[in-house]
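Enquirer: These are the residues of each chain, in order.
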Amino acid sequence: MRLPRYFLFRLLQMFPIALFIVIINFALIHAAPGDVSILLAGEGADPEYMAQVRQNYGLDKPLYQQLGAYIGQLLQGDLGLSFRTREPVIGIIAERIPATLLLAGTALVLASVAGVAIGAVMARRPGSALDTAVTTLSISLFSIPVFWLGLMLILLFAVTLKWLPSSGMASIAGPREGVGYVLDVAKHMILPVASLSAIWLGQYVRLARASVSETLAEPYVTTARAIGYPERRVMTRFALRNAMLPIVTVLGLELGLLLSGAVLTETVFSWPGLGRLIYEAILSRDTPVIMGAFLIMSFTVMLAALLTDLLYAALDPRVRL
Amino acid sequence: MKLRTTTILATALALPAAALADTTLIMPQQDEPRTLSPAPSSDTGGHGPTSNVYSHLVVMDWGIVEGVAAYGDLADSWDVSEDATTYTFHLNTDARWHDGEDVTSEDVKFTYERIMEEGYTFSSFLRDVKSIETPDDDTVVITLNQPNMAFLPMMAQGAQWTGKIYPQHLWADQEGFDTGPYVNEPIGSGPFKFVRWDRGSAVVLEANEDYFRGAPEVDTLIFRTIPDANVARAEFEAGQFPYLPFNYAPPLAEAPIFEADPEINVVYTPSHFSRDLQLNLNHEALGNAQVREAIAYAMDREEMNRLAFNNSWTPGYYAGVSSLQKWIKEDARFPEHNAEKAEELLDEAGFPRGDDGWRFSVKVTGPNISDCSAITEILVRQLRDVGIEAELDRFDQSTWFSRIQEKQFDISCYFGRYGPDPDAYREHFSTEGARNFMSYSDAELDELAAEANTISDEATRKEMYDRIQEIVVRDMPYINVFEEQKMSLVRPGWTGFAVMPDGFNKSISWFGVYGVSGPEDE
Chain A
1 MRLPRYFLFR LLQMFPIALF IVIINFALIH AAPGDVSILL AGEGADPEYM AQVRQNYGLD
61 KPLYQQLGAY IGQLLQGDLG LSFRTREPVI GIIAERIPAT LLLAGTALVL ASVAGVAIGA
121 VMARRPGSAL DTAVTTLSIS LFSIPVFWLG LMLILLFAVT LKWLPSSGMA SIAGPREGVG
181 YVLDVAKHMI LPVASLSAIW LGQYVRLARA SVSETLAEPY VTTARAIGYP ERRVMTRFAL
241 RNAMLPIVTV LGLELGLLLS GAVLTETVFS WPGLGRLIYE AILSRDTPVI MGAFLIMSFT
301 VMLAALLTDL LYAALDPRVR L
Chain B
1 MKLRTTTILA TALALPAAAL ADTTLIMPQQ DEPRTLSPAP SSDTGGHGPT SNVYSHLVVM
61 DWGIVEGVAA YGDLADSWDV SEDATTYTFH LNTDARWHDG EDVTSEDVKF TYERIMEEGY
121 TFSSFLRDVK SIETPDDDTV VITLNQPNMA FLPMMAQGAQ WTGKIYPQHL WADQEGFDTG
181 PYVNEPIGSG PFKFVRWDRG SAVVLEANED YFRGAPEVDT LIFRTIPDAN VARAEFEAGQ
241 FPYLPFNYAP PLAEAPIFEA DPEINVVYTP SHFSRDLQLN LNHEALGNAQ VREAIAYAMD
301 REEMNRLAFN NSWTPGYYAG VSSLQKWIKE DARFPEHNAE KAEELLDEAG FPRGDDGWRF
361 SVKVTGPNIS DCSAITEILV RQLRDVGIEA ELDRFDQSTW FSRIQEKQFD ISCYFGRYGP
421 DPDAYREHFS TEGARNFMSY SDAELDELAA EANTISDEAT RKEMYDRIQE IVVRDMPYIN
481 VFEEQKMSLV RPGWTGFAVM PDGFNKSISW FGVYGVSGPE DE
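These protein sequence lines map, in sequence, to chains A and B.
Residue numbers for the first sequence follow this note's numbering, so the first one is 1 and each next one is one higher.
Residue numbers for the second sequence follow this note's numbering, so the first one is 1 and each next one is one higher.
None of these hints come from the bench; they were simulated from the model.
The beta carbon of each residue, even a glycine, is placed where N, CA and C say it ideally should be.
Heads up, a few of these hints could be off.
Covered stretches of chain A, going by a simulated chain B footprint (3 or more residues, C-beta under 8 Å) [stated by the list, open to error]:
1. 159-172
2. 273-283
Facing chain B, a subset of chain A residues (Cβ under 10 Å, in silico) [claimed, not checked]:
3. E95
4. A99
5. K187
6. T267
Please build the complete structure, drawing on both the sequences and the hints.
Expert: In structure tokens, the structure reads:
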């Protein structure tokens, strides 16, 4: 019965944290040199025009006033207008979220499921040749910079073998709806999903292997075996279930980073998602878009943390919320 | 349900058939457009699409290097009054907006007047305009307050970016060129019509069959956003598009690899820009003319050329570039490399080597472009050889730009411009010049530069600009290093890109693809 109250408390807690995040982001962005008037007006532009641009965007006011105006606007649920396009920030961000969720979500599901399965199998044969090979491979995958891996995949599968499209989310001249479109997007997803999940996969394999082999050494597993449970049952019922706790923690954290974790992958594969939007917005000092995107991302991180805690309670009865 | 299946089938069947007959050109570009309205802001992602959808009054092609000041676009021809203050443009009578309306002189007047009212970037090219009149539908008369020899060439150059002509009948009831339904669904009068913009991916245009110069050869034109230069290069090599623009091009040191490949044509395009060093005269040592001269001696352009540019760039010893041949003063030369002489001058200037071997320290910076990075890396080493404790200081492009505007730099690589008209010297070296980041000021030069721009007699003008070059080389607030040369890659069979000699005067603007045609068997 205490759960709803706890949930409500955690939800309310998000707002002061969000305010803190807004202030920090605002300070960081304004500490960086370069302002939007130069970028909008272009090099060697008329100083009067630049002054006018600053005035139009409220950049001529003192910083605390700009911050105050921004927070006031946020309280009314308005993320403002983009400096670059003069369109509502909320729409610009919403337009990019599905592409990012599709890419990062698929990669995360693939990486976590496959990673846990491989890790669990390896944990039963520690020190075998296969285990050594998988461990080495997963450390390598975990350490490879994602943009480099992406580029190598493009070179191999798109340039040399010409099996798959190299970048973008769909063929420009291809079908725009129906089965044809779905297949087209699926084809475009293979390389970016492969490179993104490869990085995460290494992490899950290592995590699952360590965690499962730890639980396999626990006395209750020995007891279970002594009772005569089949090995499969020992694995799923006793070892894996207990080993899930650290894995769920990492998964939860990464769920929160879903929206932001793919900046490099999206840039390499020209994927029209949120990560690329942020990259472009930062390069052009589009403060409202940067702030809006960070705000939405911080809410997803906080929500994911809350979900993780709730899941903990379900998995481990010792945890009382 | 039935209907949907039919649509899919029809699309699937129609596509390959259409692909056979049509020429599709995909142009890669690094940035996503901000908007598709060119006037309010300089927009590296928008220039490509908007230059092909909209027309200009007059425009400039890379052909400036062939000595032509401006090409007509909407203007077929123009007359200049003897006192060089009245320009009469005669418009093409066949030009139509994409919605079928006639393009008239009123559209030109409306666009330019709004640009001036709003103070948009292009208004700096129109600052001397006194009045714009439209005696009839096909004539625009622009009167200037004072003679300005740079008016036409500068206006033609600026038009590439932000000086396109808007349809009055669609925009008159909007407050500016940044609001309303046509910002991102442009209706222009250019060779291509807007089809759609897939945010984050591509802008799709189709040929305008009613274009007043005749329909373009390319049927579908797609500007695809590919932020990563390595990916763009990989895709070019995979044959995804036939043209890799110079801003993606790999380092020049790799040029021999491409030149050896029969499947790639390497295109070099001269320009009226240089790569040079701007010296901040407020710096304790750089304020000393002897120190600046010493830096010119310390610099070895031949070594830079060999290490960074595969010996393919032309070292710049004049205060100009050779594409503006007739304006160059050949006797005004920057010194050639001589490290010993540099050390002597530094000793004389009162900056002997200290106990630690260093004379003074400087920070070397530059814009985030690959050739400037290469130049500054080598320069730092060459300066250290003569006892100047030089260090690299790097920033992203916008940070670098605001720092040099605020004069927070010691030495910066820069892209000096000498054309399309020599009035560029005023912009760079006069006390109030917009590109004078050096804090350089010389009374004689200020006076000469202001006067030279009002004189229509070319021989007299030339004498004045000769003198300006002598003053600049005497004082060395900047040092020319190289003449810029752009390298682009094109697949054989494709012709008429703006960077190619056969496209110079056909492409309609630097971003235009009107002149492009694909391989015949495709």
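Enquirer: So, for every hint listed, does it hold in this structure?
Expert: Hint-by-hint comparison with the structure:
1. 159-172: holds (count 8)
2. 273-283: holds (count 6)
3. E95: 6 Å, holds
4. A99: 7 Å, holds
5. K187: It is violated, given that the least Cβ distance between K187(A) and chain B is near 14 Å, above 10 Å.
6. T267: 5 Å, holds
Hint 5 alone, counting from the list given before, is not met by this structure.
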